[in-house]
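J.: Kindly generate the complete structure, drawing on both the sequences and the hints.
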Amino acid sequence: SHLSHVASLQRAVSQRLGFIKEEEPRPDHQPTRERPGLTSRNFSTHASSTGPTELSAAANGKESMDHLIATYLTREYVNMPIFQLSEFRTSCEDVAETESFRTGSTAFHGVLNLVISLACMNTNRASAVLGSDFYARGQATVSSVSSLEEPLVLIQSFLLQSQYLNAVGNPRLAWATVGVAIRTAQSLGLNLKSNGHDQGSRQRRELARRLWHSAAMMESILALQVGIPPQTPHVFQVPLPSHSDSDYLDAVLPETSLSSDEPAERPSMVEFLAACARLYSHVGDIMSIEDEFRVSDGGCSMKKLLSSDMKLFLKVDALSHDWKSSLPSFLQEQDPGPYGPIALRQRTLLQVRFYYLRIRLYRPLLTLALAITVRCNCSRAGHRPHLDQAEFASPELPMVYGISRDASIKCISAAVKLVNLLHWHDLPPQEEDSSNPGYWESVNYLHACGVVLIGARMSPFIGQAQGRGCVSPTDLEASWHKVLELLEYYAGVCRAKGERLPNTAQLCLRSLNIFSDAVGQGRAEGIGLGIRPDQVEDCDDESGRSSDVQSVPERSRRPNSWSWMESLPIDLVD
Numbered sequence: 056s057h058l059s060h061v062a063s064l065q066r067a068v069s070q071r072l073g074f075i076k077e078e079e080p081r082p083d084h085q086p087t088r089e090r091p092g093l094t095s096r097n098f099s100t101h102a103s104s105t106g107p108t109e110l111s112a113a114a115n116g117k118e119s120m121d122h123l124i125a126t127y128l129t130r131e132y133v134n135m136p137i138f139q140l141s142e143f144r145t146s147c148e149d150v151a152e153t154e155s156f157r158t159g160s161t162a163f164h165g166v167l168n169l170v171i172s173l174a175c176m177n178t179n180r181a182s183a184v185l186g187s188d189f190y191a192r193g194q195a196t197v198s199s200v201s202s203l204e205e206p207l208v209l210i211q212s213f214l215l216q217s218q219y220l221n222a223v224g225n226p227r228l229a230w231a232t233v234g235v236a237i238r239t240a241q242s243l244g245l246n247l248k249s250n251g252h253d254q255g256s257r258q259r260r261e262l263a264r265r266l267w268h269s270a271a272m273m274e275s276i277l278a279l280q281v282g283i284p285p286q287t288p289h290v291f292q293v294p295l296p297s298h299s300d301s302d303y304l305d306a307v308l309p310e311t312s313l314s315s316d317e318p319a320e321r322p323s324m325v326e327f328l329a330a331c332a333r334l335y336s337h338v339g340d341i342m343s344i345e346d347e348f349r350v351s352d353g354g355c356s357m358k359k360l361l362s363s364d365m366k367l368f369l370k371v372d373a374l375s376h377d378w379k380s381s382l383p384s385f386l387q388e389q390d391p392g393p394y395g396p397i398a399l400r401q402r403t404l405l406q407v408r409f410y411y412l413r414i415r416l417y418r419p420l421l422t423l424a425l426a427i428t429v430r431c432n433c434s435r436a437g438h439r440p441h442l443d444q445a446e447f448a449s450p451e452l453p454m455v456y457g458i459s460r461d462a463s464i465k466c467i468s469a470a471v472k473l474v475n476l477l478h479w480h481d482l483p484p485q486e487e488d489s490s491n492p493g494y495w496e497s498v499n500y501l502h503a504c505g506v507v508l509i510g511a512r513m514s515p516f517i518g519q520a521q522g523r524g525c526v527s528p529t530d531l532e533a534s535w536h537k538v539l540e541l542l543e544y545y546a547g548v549c550r551a552k553g554e555r556l557p558n559t560a561q562l563c564l565r566s567l568n569i570f571s572d573a574v575g576q577g578r579a580e581g582i583g584l585g586i587r588p589d590q591v592e593d594c595d596d597e598s599g600r601s602s603d604v605q606s607v608p609e610r611s612r613r614p615n616s617w618s619w620m621e622s623l624p625i626d627l628v629d
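According to this note's numbering, the sequence shown is numbered sequentially starting from 56.
Check before you lean on any hint, since a few could be wrong.
Within a straight-line C-alpha distance of at most 25 Å, the following computed DSS-like cross-link-like pairs (lysine-lysine) qualify [claimed, not checked]:
#1 K472 with K370
#2 K465 with K370
#3 K465 with K366
#4 K379 with K358
#5 K465 with K358
#6 K465 with K379
#7 K472 with K379
#8 K358 with K370
Cβ pair distances, simulated, as ranges [said to hold, decoys possible]:
#9 S380 with K248: 25 to 31 Å
#10 K248 with P484: 28 to 34 Å
#11 Q258 with F291: 19 to 25 Å
#12 S242 with R555: 31 to 37 Å
#13 Q258 with A448: 57 to 63 Å
#14 N179 with M454: 49 to 55 Å
Bear in mind the hints are in silico, worked out from the structure with no lab data behind them. In this text the structure is predicted, and so the values were computed from the model without any measurement. Beta carbons are placed, not taken as given, at the ideal position from N, Cα and C, and that holds for glycine.
T.: See the structure below:
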């Protein structure tokens, strides 16, 4: 049943959060798994059975190689500039002249194979299987190179591996890999200030700073996906990198240059990296806020709201707003400037990431408000909610109720804005010119938006507030259909890349549809969607057998009944 599906997912979330310590027997019917081929463990990153003709054409054909390198530069490098561009291009030309792409054994040959593997995930002209071959070859080549000879290349290779592993649906291994990159950087002293003065040392210093902040940013991106806070302290002890003439976007794609009568500001990839680094510096605090506002098993949401410390929440809320207002003009949402496609893509990516972090910041308070107004963990069947929506504005109640109400509205509004952004740029399909992030990144955002939109249906604040940023029931329904449409599209993109690729979009689509149906089913039974496993003991699965939930010990059978609100795609494929 739908309710047993939600209860099963809630157990997975509780296990990830550490609420359930001991092993639990799982029911035979596991709704979060469609077939074994969709789990991340079944996607091999080792050499495949791809024919030599296809590999030869991709590896040795200059046109194919140029296309894949250009794809990497315009889709990935501009967002995470981990090379000195002129040196990278010179090395690529040397490899092309010697035709040693497949046979070379230097560190750069390995890195170039990793670059191509990542490019394969960003183009419709290459399969995921082809990318896995390049990845395996690049990984093997780099691992045979001494870290003493090419220390920075080793960090570059770990970052590329982490990006690739994330793209193919293995965020846990990607998180571990970027951790190795950070520890390697620390062992080389990249986390400390350097004092080079000549041009050579200055270039190395700036590259080291890029690598350091790229690795820290990647760790934060993956931390949000796997639910583990960033582990690297004092990231900004290393100054943000500054840019040289080769670090502007028109150095990558000349068509992005501006004419003389247009704004003097030149879009810079280093400015984008710095903006992302500053934005993701709040991830650790946001995850601390999630932990602060999380209700323990059987706990009372109202008591949690009244006892929570709002200082960090208000601080991050203000700082993230200041961050947005201080962006350079080419990254400002309101600036229509005549910028090229890369700058527009960076602007869209930054907006999407900003709204996602706002969702993660506000969602804990949305969850508390729902529990207080619909059904609290501490409630028994038939009991009325703690408060109704009108009481939130009562002058007799503490201000935290008003904060939770406003945060709920802002969370839902951010979800609607994020969905509209992705839908505007990806549908109808734009082939390889989409301004959105890679589909594997967008799926995580859409899952969060979908969960928030489902919760919004039960929110008493929808339709009550008026003004800029407020969401009507009509907006809510339109955004919900856009989420489903986008996930269906991304699931198709994933299927086209290859059957061996975990189709996380398909899993999210199925799970969100079940959530949506469970809202009606649960509310019809008078329990909202605040479902505890003990409330679905009598629900039978599709085979007619009783769920095994009742065999779970009572002390571990009552996870947070609203934990589905903070579920992650990784909970679906685990």
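J.: Hint by hint, say whether it matches the structure.
T.: Here's how the hints hold up against the structure:
For the proposed pair K472 and K370, the alpha carbon gap of about 23 Å is at most 25 Å, so the pair holds. Under the criterion of a C-alpha separation no larger than 25 Å, the hint pairing K465 with K370 is consistent with the structure, at around 16 Å. Of the pairs offered as hints, the one joining K465 and K366 holds, with about 18 Å between alpha carbons and a cut-off of 25 Å not exceeded. A threshold of 25 Å between alpha carbons decides the hint, and for K379 with K358 the separation of about 33 Å lies outside it, so the pair is violated.
Of the supplied pair hints, the one linking K465 and K358 holds, its CA atoms being roughly 23 Å apart against a limit of 25 Å. Between K465 and K379 the CA atoms are separated by roughly 16 Å; this keeps the pair inside 25 Å, and the hint holds. Simply put, K472 and K379 have alpha-carbon atoms about 15 Å apart, close enough for the 25 Å limit, and the pair holds. Distance hint between K358 and K370 is fulfilled; the C-alpha atoms sit about 22 Å from each other, no more than 25 Å.
For the pair S380 and K248, the supplied restraint of 25 to 31 Å holds, since their beta-carbon distance comes to about 29 Å. Between K248 and P484 the beta carbons are some 47 Å apart, a value that contradicts the proposed interval 28 to 34 Å. At roughly 22 Å, the beta carbons of Q258 and F291 sit within the given window of 19 to 25 Å. Between S242 and R555, the C-beta spacing of about 35 Å keeps the proposed range 31 to 37 Å intact.
Remark: the range hint 57 to 63 Å for Q258 to A448 is upheld by a beta-carbon distance near 59 Å. A hinted range of 49 to 55 Å holds for the C-beta pair N179 and M454, which are about 52 Å apart.
The structure does not agree with the numbered hints 4 and 10 stated previously, though it agrees with the rest.
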